[in-house]
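> Listed here are the chains, written in short residue letters.
Number of protein chains: 2
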Amino acid sequence: MMEKFFYPKSVAVIGASHEERKIGHVVFKNLLEKFKGKVYPINPKTEPILGQKVYPSVLDVEEEIDLAIITVNALIVPKVLEECGKKGIKNVVIISSGFSETGSLEGKKAEEKIKEIAKTYGIRIIGPNTIGIFNSENGLDATFFLEKDVRKPSKGNVSLFSQSGTVGILSLDILTKEAIGIAKLVSYGNAADINESDLIEYFSQDEKTKVIAGFIESVRNGKKFLEVLKKNKKPIVLLKGGKTSFGARATSSHTSSLAGDYKVYSNIFKQFNVIEAETWDDLIDYLKILSIGKKANGKRLAIITNAGGFGVLASDFAYKIGLELPEPSEKLKEELKKYLPFYASVRNPIDITADADVERYKNVLKVVDESKEFDLLLVIILIQTPMLDEKLFEVLNEIKKPFAVCMNGSKADEIRKKIDKSIPIYDSPERAVKALKILTELKS
Amino acid sequence: MMEKFFYPKSVAVIGASHEERKIGHVVFKNLLEKFKGKVYPINPKTEPILGQKVYPSVLDVEEEIDLAIITVNALIVPKVLEECGKKGIKNVVIISSGFSETGSLEGKKAEEKIKEIAKTYGIRIIGPNTIGIFNSENGLDATFFLEKDVRKPSKGNVSLFSQSGTVGILSLDILTKEAIGIAKLVSYGNAADINESDLIEYFSQDEKTKVIAGFIESVRNGKKFLEVLKKNKKPIVLLKGGKTSFGARATSSHTSSLAGDYKVYSNIFKQFNVIEAETWDDLIDYLKILSIGKKANGKRLAIITNAGGFGVLASDFAYKIGLELPEPSEKLKEELKKYLPFYASVRNPIDITADADVERYKNVLKVVDESKEFDLLLVIILIQTPMLDEKLFEVLNEIKKPFAVCMNGSKADEIRKKIDKSIPIYDSPERAVKALKILTELKS
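Top line first, the protein sequences correspond to chains A and B. Each residue of the first sequence is one higher than the last, beginning at 0 in numbering that gives the first Met the number 0. Each residue of the second sequence is one higher than the last, beginning at 0 in numbering that gives the first Met the number 0.
The following block holds chain A by itself, in its conformation from the complex (with noise of 0.2 Å):
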């Protein structure tokens, strides 16, 4: 049933536009350029658009038609709805608002009646007042948002869902600045008919999804939401909005559904494993290592540092937040001491100290992911040093345990340009630790 809103074969752009700042030239312009199948731009004015043949209908197009985008007027929805369940279209992705998000009795109406064709069809509805769907694999980039002004992240295997249009189009754009690959991205709006529950339980089953995340506001079939969370077995990370009386307010204001009560969301959350972000940070942080990480055995973490001060900062956050830090067995620290200068730390956090080169990180690093004394690492690394180069990161990409890298400034974003994106690289020591947490909390 969801299948065909991400694997179509053939996509109609309703309300394909020849006006380059509609929402329909933009729609129809990002699938013609990047979509693997065929497109076809529906305008009642036939006028061809980027060269292309337009159709007056999807009624006039004789092939079949797996998914449409609907981007007209609220207003005319209806009409060309009722027109792709005439044309045998059962996937249907309503981008246009004016309906119950308004908060008037005419949007509510409105997206009554579409709800009523769709039923009247067979046909299952993402949206309306959706800024659209992302498909990585095939270039199904139905999002009103070009390039120039969105990047768009490359492939990979989180799944993302958002409620709110503007945070979609938002992770889109700093998931890509983050170097996370996405598989598919959904901003499902108003949910007349596909709902939070929908997606998960789609990402959960769908084989390029290793890592689901969401931003809600509110749940709305609640039984469904709790059935599905149960069978989910991978990584899935939650952001709620709406927590509090004003966010609440805002939510209602925006998407026309009141926040349901935190408490009993949070508990739910804790119940099945869901990973809850915080913040928007929190969200971002938490999907960087969960794309590249795996499962942590443990809480032992081992800091490896040349810069003492990021050293102290890690591990006070570390202890903070539940992370065990121990020291090194005196077997360990004799085989660490080896490969460092006398006035160096092996008491954890090893401070290698601010003259190591990548050998010296190379051997520390080795002799630590082979202890078992030790089930993360977190690498910090003062960049700034003329000890280091990018050749340092050839000896990260060989760590075996779960680990993270923090590191920061200008040279740093540049080196950041040019290497894998195999390494979870943080800004700073607490967002590092906070995010090697998360992988201690992963079930099975």
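Among the hints, erroneous ones may be present.
Chain copies aren't distinguished; within one or between two, either way the pair holds.
[Claimed, not checked] Quick list of in silico lysine-lysine cross-link-like pairs, PhoX-like style, CA-CA up to 20 Å: (1) Lys230 - Lys390; (2) Lys3 - Lys86; (3) Lys442 - Lys298; (4) Lys319 - Lys262; (5) Lys390 - Lys147; (6) Lys417 - Lys330; (7) Lys293 - Lys232.
FYI, nobody ran anything at the bench for these hints, they're computed from the structure.
Using the hints provided, position chain B relative to the given structure of chain A.
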């Protein structure tokens, strides 16, 4: 007494070297290229360095020397320090390491020795074991990092001191990256003489310093610390390392001082209006807003957003940390509605919706800024929409109330490079809100 550390007329670099990788070379090069005063390279091998005449000892320089930077091997430090004394130099920065921070008895003895010499000649010392000092005003860059590795901040009003040298150097780089200007920076290392209290005292009187920041691990002179905090009238942000046994283990290993009881610190911070940064990100975030912002007269926050989801997250977080988010009065709502489409929300978060253009932001911001119903503004900008461009920042520059901006993504990063530094911009709604809160905690 401290003035000549930052405003010397002449500086000697003892241990200046022609070997490019040596600390004595880099410090000399940085000063030669940027310092607006006389710089004397000192080295017994008197070949010219970077075309400059070299002196075997400070005693061979005929002119007066205000400040000496010592970069020689720890074993030679007593000899050259003695020569400084004889030359009448009263201000010395000892970059050299190999003293008490090594944890060795020899190191401790060596440090006692230099203290003795300093006392004999009335020399004030910063260090040993520091990365140096920096004054943006006169190009006094006495650090051993080149701009190609560590970008140096532009002139600003933040003065920072750090016990940890690596935190010191990271600060220079990251503050530059975040477009926060610096007045002065001091890495004070082992604090054989000048310590955190001396530096707070100096910065609290320095007219170029508006905001004081420090990374401390332990306090040397508790009584003086309390005295200087009591007298200080400027905003001061402190990040404490070694709050926990884990962190303390790290500090004792790398600066040879035991971390004090964190609760004691925490109480002192509260009592003397010290803004405590809990994490590295907090430190940077707070400095950004303090260097630009002004005291808020109350806790009433208005959130203006074109991104519903981020408005929700900001609202939840504002509530969590104790800010107020009053609904606008009916009168104010009517005023706002004049400039907004019917589907916008005027409840606060004021959701001006994703189709907002620069004009809509301008009108709404003006109304909110002039209203007496709010003390602080958060402006959330989904810059990814095609409706917005850099012109929006001219509008932001006109805001009179204390405010912060949240925007993120690739286009946001491009714009940030171009716009004025006088706008405090944050990547996430929560970090922006947390920074704004600080403005409500400033005294007088």
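> Next step is simple, just say for each hint if it's right about the structure.
Hint by hint, here is what the structure shows:
1. Lys230 - Lys390: For lysine 230 and lysine 390, neither the intra-copy (43 Å) nor the inter-copy (50 Å) Cα distance is at most 20 Å.
2. Lys3 - Lys86: within (15 Å within a copy, 84 Å between copies)
3. Lys442 - Lys298: within (14 Å within a copy, 42 Å between copies)
4. Lys319 - Lys262: between (23 Å within a copy, 14 Å between copies)
5. Lys390 - Lys147: Only across copies: lysine 390 and lysine 147 sit 18 Å apart there, 32 Å inside one copy, limit 20 Å.
6. Lys417 - Lys330: So lysine 417 and lysine 330 fail the 20 Å test inside a copy (38 Å) and across (54 Å) alike.
7. Lys293 - Lys232: within (14 Å within a copy, 50 Å between copies)
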